[in-house]
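Asker: In order, the protein sequences belong to chains R and U. Quick note on numbering: the first sequence equals residues 18 to 422 in the working numbering. Quick note on numbering: the second sequence equals residues 18 to 422 in the working numbering.
Please note that the accuracy of each hint is not assured.
Same chains, same names: a pair is fine if it fits in one copy or spans any two.
No more than 25 Å apart at the CA atoms, straight line, and that leaves these computed lysine to any residue pairs for SDA-like [stated by the list, open to error]:
#	residue 1	residue 2
1	K379	V57
2	K137	H38
3	K47	T277
4	K137	E378
5	K20	E157
6	K284	Q382
None of these hints come from the bench; they were simulated from the model.
There are 2 protein chains.
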Amino acid sequence: MIKLIEGGVCAAKGYKANGVHCGIRKNHSKKDLAMIVSDVVSNAAAVYTTNLVKGAPITVTKQHISDGKAQAVICNSGNANTCNANGIEIAEEMSVLAAEALGISKDDIIIASTGVIGQKLDISPIKSGIGPLVEGLSYEGSHIASEAIMTTDTVPKEIAVEFTLGGKVCHMGGIAKGSGMIHPNMATMLVFITTDANISSAMLAKALSTDVQDTFNMTSVDGDTSTNDMVSIMANGLAGNDEITAEGEDFDIFMKALNTITIALCKMIAGDGEGATKLLECVVTGAEDKETAKTIAKSVICSSLLKSAMFGADANWGRVLCAIGYSGVDIDPSDISVSFRSSEGEIMVCKDGSGVDFSEEKAKQILLQNEIYILISAGSGKYSATAWGCDLTYDYVKINGDYRS
Amino acid sequence: MIKLIEGGVCAAKGYKANGVHCGIRKNHSKKDLAMIVSDVVSNAAAVYTTNLVKGAPITVTKQHISDGKAQAVICNSGNANTCNANGIEIAEEMSVLAAEALGISKDDIIIASTGVIGQKLDISPIKSGIGPLVEGLSYEGSHIASEAIMTTDTVPKEIAVEFTLGGKVCHMGGIAKGSGMIHPNMATMLVFITTDANISSAMLAKALSTDVQDTFNMTSVDGDTSTNDMVSIMANGLAGNDEITAEGEDFDIFMKALNTITIALCKMIAGDGEGATKLLECVVTGAEDKETAKTIAKSVICSSLLKSAMFGADANWGRVLCAIGYSGVDIDPSDISVSFRSSEGEIMVCKDGSGVDFSEEKAKQILLQNEIYILISAGSGKYSATAWGCDLTYDYVKINGDYRS
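Construct all of the structure, not just a fragment, from the sequences and the given hints.
Answerer: As structure tokens, then:
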């Protein structure tokens, strides 16, 4: 049983968090520095962007986490610290500042940055902000930390669950920032997950890298894979369960808890995509293999034309067929059927590759809702996949037409 | 010497054209049926969309042109005749109507359709429109035909050139429709090219398929590869030059003439992308091989984030680096330099993978123009490539939010 609870990254035992405005951003009402700290050194794992142009914090975090251990996360918004000649130096300096303030090793710091690429990150606001940031750390600090990592996000993103391993109650929670440049391939955006479950570094890494294939890697806002994507997880073992060191029942329960956290965050990220008014969930069934199902789902969710049609609540299903056709999968178009579903009901618009008569009025009513399911039957195979995205709107263009100002 | 001339698809000897409103579209002021006819049977070639979901006209044209011959093009706008159970039947019926009205073989008809996918195409307006269409054919009819193939295009697209082969003056001209669902892979949108040069079917096919790799396949408006893309060329030989049957000087001149036509049409299509306010031309130099140069240019031109930044005249070059990084090429980011250029001058914004100080004011001035060059140096290699695209604007979303209405 996986039970939803409150508390975000502080839901698990022994995790404090905080967020402050330190001055990286000019707007004083916008927090720009966040921290999550475990009371004890934790097993840790992370997955990163596959973009060849990588933020300096990615490089530094990879080194720090190479021993499978971490104790704290420090993350700034407002500047990605990417494509800067002195980027690594600044990222290392951030780690040292955090480590000294916390009295822990700098090699146990996960560091992340998000914001504009290619503008030098000044260390001085971080230097002056680290004191108040550490001072204000609290076991109820998840929400304020989730606010401090936002860029163009309109809402903070938090989730937590409770589950049981070998009779011991465990907890897991996560916070995320998403919005733009979201088209992860391997990892994604910034997601920080904490748990008090006891699990080895190796199994933690396995759990995370398996999970992201079907969750964050199936989420797209705009087709742009960021330079700074990262999903990290810390497991401090304070729940007291027997350490998970191999596959088995406990690992399955852990994976299920993790999947509950990650899917919830994916939907929050897609639904709060830059300028988005709708969350799109594309569910493909009946495919001959898993890769085909995933490729179709992701191609549909990424089509600018379909995304625009969804913004306009226009049941232009031809664009779904078009996106399947150019996705690169080997499929007979006459096997494809398409329906749209929302809280207002479900309507079939295409059967066996050709249009069927349907009520435009009913379709409009369905598509005017803010959570739309695009249901695709790809044949009589037994594989399925889900991808998450959002509509393309005036506001996406507006936000990205002058992001740096 | 390739000289620009007037006349579009009627610039070459022996080609008539026309366009009428026959009633496929409800709006009476919008022409929806076009025809181009050669006085004599021509050698012909075409390249088509790689989308697995193909319009019925693509299937029918492939059959008709399989003998390397054609004499006429018929093309309707307002309905793509794609994903319709009776699509092939309707496309064949259109060919027969055109052939009978012209007194030629139906197997010499190139047929094309563009518009909404998945709505049955009624043959009756075409049946009643074919008479006036054929009656009005004229040696000055290129412009009216170029209007009749438009969908969301805001301007008709025509070009023609004059060149000399073996002492004989030859001509070549083309018309195109572009706008949305433009991300060709193999062929593209609808482009009809005519020439009076004498060239064998085999060499014509070779010329066309070689040329599109660096022209239409390097053009993108929105990343969506249409189901109905087609580029066709007819060569009726009326210029009287010795037939080109192999590579050599004449073939090179022919290729150069063709390339002048196709690049001009690519720029017209990209610059008139749905909602576009700017033509973007991305020029990559210094790559280690041709594929790397092409992949970088196309990835940059396709980035929604960069396209939005260009709309806002924001020199957000980090998005250029980001798009290069996720493009899949094997390149050292520290070898990359980026400049922006327009009629207002040129400015370097990134050198050796890191930002350089530049005047934001000057950059803004450069990016406020309507033809922007994004210049990327990828290292010290000797390969280069160019891709064409456009900015992403409110109007793209508006046009595609309710295209079917």
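Asker: Could you run down the list of hints and mark each one as holding or not?
Answerer: Going through the hints against the structure:
Taking the closest pair of Cα atoms, K379 and V57 never come within 25 Å of each other, the shortest separation being 56 Å inside a single copy and 52 Å across copies. When the C-alpha separation of K137 and H38 is checked against a cutoff of 25 Å, the pair qualifies only within one copy, where the shortest distance is 18 Å, while the shortest distance between copies is 59 Å. Taking identical chains as interchangeable, the C-alpha atoms of K47 and T277 are never at most 25 Å apart, the minima being 29 Å within one chain and 53 Å between chains. Taking CA atoms no more than 25 Å apart as the test, K137 paired with E378 passes between copies only; the shortest distance there is 19 Å, against 53 Å inside one copy.
Proximity of K20 and E157 under a CA criterion of 25 Å is satisfied intra-copy only: 19 Å inside one chain copy versus 74 Å between copies. In this assembly of identical chains, the alpha carbons of K284 and Q382 lie at most 25 Å apart only when taken from the same copy (22 Å versus 40 Å across copies).
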